[in-house]
Each structure stands twice: as structure tokens, then as C-alpha cells.
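As given, the protein sequences belong to chains B and G, one line each in that order.
In case it helps, our numbering puts the first sequence at residues 6 to 237.
In case it helps, our numbering puts the second sequence at residues 84 to 393.
Treat the hints as calculated values from the structure; they're not laboratory data.
In this text, all values refer to a predicted model and were calculated from it rather than measured experimentally.
Please note that a few of the clues may not be correct.
Example chain G residues on the side facing chain B (calculated, C-beta under 7 angstroms, incomplete) [as the list claims (entries may be wrong)]:
#1 136
#2 137
#3 154
#4 184
A virtual CB, placed ideally from N, CA and C, is assigned to each residue, including glycine.
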Amino acid sequence: MNPMLTVARKETAQLLHSRMSMITTAFLAMFFAFTAAPAVTMEDGSAAVLDQLLFSMVPVIGLFVGYIFASQIFLREKQQGVIETLLCTPLTVGELWLGKVLGATLLAWGMALGAAVLIIVVSGGNSGGLVLPSAPVIVHLAVVMPLFIAAGTGLLGLVQFILGLRQVQIVNVAVIFVLIFLLTFTRQLLNPETGITWPVVGGSFIAGVIVLGAVLVMGRLLNTERIVTSLP
Amino acid sequence: MNIIETSSLGKAFGGREVLDGVSFAVKKGEVFGFLGPNGAGKTTTLRLLLGLLEPSEGEALVFGERLADREDLRRRVGVLLEHNGLFDQLSARENLDYYGRLYGVPELQRRISEILALTGLEERADSAVGTLSTGMKRKLGLGRALLHEPEILFLDEPSSGLDPEAQRMVRELINEVSGRESATVFLNSHNLDEVQRVCDTVAILDRGRLRAYDRVAALQENRGGVHFALTLADAGDITRAEGILASMEEVSRYWIEDGVITAVLLDGAAPAQVLARLVREGVLVEEARKTRRSLEEIYLDAVGSAEGGA
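Isolated chain B (complex conformation):
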């Protein structure tokens, strides 16, 4: 198996074993789902409201879940000193970082999709009939959302790898809010009054690719000595 996939597989398994992370993230997803779902009613335009909700709310849930996972798999391993042993294995630092990003992203994406299903089901229960999202929104959740989650987790991981604890605490919050702002800004830029159309999703996709690409380029900042000597 590719070393990066080996790392991703281990991270997913470890996160699934971490009861606290799973309970926290599941609670987060349910909280957002239950508070947002009542906005959808059976009145005219309910499908559009659901689309807007899924388009904007679910990626934010994914980003927050990725934020929680990142501190588990980057910061905690660094604090515990496990990272030094991993850096002595045949893995490159880039493979280690990307593997962790992939593992956390897959799980955070899964949790966000779970929250999306919950929103659809609860709003269906509230309004007396199941309202389904449009095709562009489904594609958005399936393709665009993981790009933003990966970019967020990757950036958080990078920050947690190369900075000390105090800087990490400050920069982490900034990272997550900048990404949420970017998501909202992209949505506003693409004129949401017309609904979530293919151009809106396409524009979001391009924004996601650009952000993720930028994060991957920033991955070159990774430096073994920096990771080892910036231990909190």
C-alpha cells in the first residue's frame, strides 16, 4: 500500500477509536442539523431554502469537524513525541502530512454528509414531506466540500506542525474563520438569489481547487527540524 494511504488508514482508524473526538464531532453535526432544519418548510421555495442550507451550512460543519480532528492527529502527536519516531521511518514529511490530511478529510467529510442527511430527514419530518436537494447541491457536497475540508485540515496541520503551541492557538482560529469567510464570500460573489445553480457550484469548485492548491504549495514550508524543535 502507498505510504500516504497507510498513514490515512491509520489516522481514520485512530480517530474512530477516539471516543471523545467522535462524540464531540457527532454532537456538533447534530446540533447544527437540528437547529438549521426547521428553516425548511413545505411552503413554496422550501427546496431552495434546503439547497441554501446544505450549500452553506454543511461545509462549515465539515470544516469544524476537520478542525477538531486536526488537533488530534497533528498537535497531539507532536505533543506526545510520536512524531519524532514517525519522522525516522521511510516516510517523507510530505507523505506524513498528506496522509494525515487525507485521513482526517475523509472522516470529516463523512460526518458532514451525515449532518446533511440529518438536515434533510429532520426538515422532511418538520414539513410533513421529504424535500430533496438539487443536483448541483449534491455535486457540491460530494466534490467541492471535501476540497475545502482538505484545505482547512491541511492548513491547520501545517500550522500545528511548524509553530509552537501559543502561535498554533491563535493561528488555528484565524485559519478556520478565513476559510468560512472564503466559502461565504464565494457564495455571495456567485449571486445566490438565483439559487444554487451549476455556475455557482462550478465557481465554488474553482475556488476550492485554488485554495487547496495554495495549501499544497505551502506544504513546502514543512521542515523536519522545525517540527522537532517547535514541540510545545
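Starting from the known structure of chain B, arrange chain G on it as the hints suggest.
Positioned in the frame of chain B, the structure of chain G alone reads:
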């Protein structure tokens, strides 16, 4: 053939020099003990050899290369650092499985079973590592380092936190690895007894500089003159014997431990001179034998001389 080598190795952090001009070499199959007090620079040296840090000066080479640049060479090295490198949420078996995959260990499940048997952790194989005792974690960490049958094993305080029985197991493992598998062992340790028992060569580091470096036997023989131990027939004579030894120019120093007097003679002085004087003064000597310097003595000399010179 030197398998590990440093030459004029130096490292500074933010202008603070923690390692200065450290040069040593470790031959293939050797068990090398790296000693020094806290803050001496041992861990920094280890990190430089493992490619975790970049030297400020000189070189740190393993297999003649910098490990930082060579993933393929890292596959031939096993590492047990201060932390065990284990994941608390995963079981012992899952931890070994993960590392086995990273190192590309063939017949991994068979090898995992071997390691679990070797470390005596078969019954806890499926327990989460977080539920294991400190000693069990250390043993598992050591097993993890041996999983891929490395040619060089870097160990940082492998016995720390272990009970005497587990410490013996660690020593046996080191002997087994260096003997049967001809692996080279780099042992970073505070445990002088452990180092004395398993190491062929020792380097003593203090305040970033190498203070002593040679084969253990050579260090014991060559420095500080002849050592010999005296057991007196009458324990009541110890005070008198002390007075005689203190007055003799041939005796550079002496100490008493468990009723045995150990005297260190100046170069050129013979034990017979001392014995004759004691007997002449009426001290009955039951046994007198030449001894070798203990590693503890060598260590304290090396570190003490550094303090004196500072």
C-alpha cells in the same frame, strides 16, 4: 567499517552552542554507549544522526550518508526514542501493523506474532496501548523498533521506567540483536551498569563536548593508574589502613565500599610496595587483587574533569 560517523559535529540553537566538535565512529556490529549528564547534548547528537536536525557544523553520517536525505536508508534503521512512538488509542497489534506497513515488512502478521512473543505481550496484543503499564509500553516500543530487523538500532534510554526484570530483558534483547543478528546498537543511556554490561565502546559527552571515547576495556585499563582492592582480615584495622594509605605518596586516592578498600596508585607505583607497608605496620591483609576502573568512575572522572576545567 564505520557504519555511524560524526566529524567535528556542532549544533547551535539561536546562537547557543549545545554541541561542539564532536567526532566519533561506530563500527558495524558494535554496541556503542553514549553517556552524559542531562543537557550534555546526547539527544541532540542522536537527532542529528537520525536526520531530525541539521548540523550547524560538521557531519553526522549513517551508512556514509545523511539519513535526512535517504528514505531507503531509514528503512535499515530502528529507533526507540524517549517516547515509545506508540498510539494510545490503537492496540499493540495495530501499532505494530502500522509501523510494519510503513517499513514494508514482509510476512508482517508472522513477524508481529514473533515480536509480541519476544516482548511477552501476546496476552495484551489486542489491548489499547493506553491501557498498558509504562514498562509494557517500553517493551512494545522496543519491539516496534526491532520489527523490521534493522541493521542499526538507535536506543534512547531504553530501560527508563522499567523494573529490574524488564531491564534485564532489554539487555538480553540488545545482546541478542548485536550477537545473533550482527546489528549495530547505538545506546544513549544514563544507566552505567547497563552500558558496562552491553557496550563494546563508550563515548562520554558533557556540555556539548566529548570528554572520553574508547573501548570500555581500554578506558578501564589505561587511565588513572593501577587500581587494587584490599580486604582486611580484621575490619577494625580499616581506620589504621586508611591513615597509612593517606600518608603514602604512591597512592593517588582511595575509597572504602562495603568494607573493601580500593586504592589507586600513581603511574609507576607497584601494589607490592603498598602491601609491604601495610603488613610492616601490622595490618593483616586477607585478600589483595588488581581491579579495573568501573565505568562509573570513568564517567565521574570525565564529567568531573570537565567541571574542573570549566
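Results of checking the hints against the structure:
no.: 1; hint: 136; verdict: 5 angstroms, holds
no.: 2; hint: 137; verdict: 5 angstroms, holds
no.: 3; hint: 154; verdict: 4 angstroms, holds
no.: 4; hint: 184; verdict: 5 angstroms, holds
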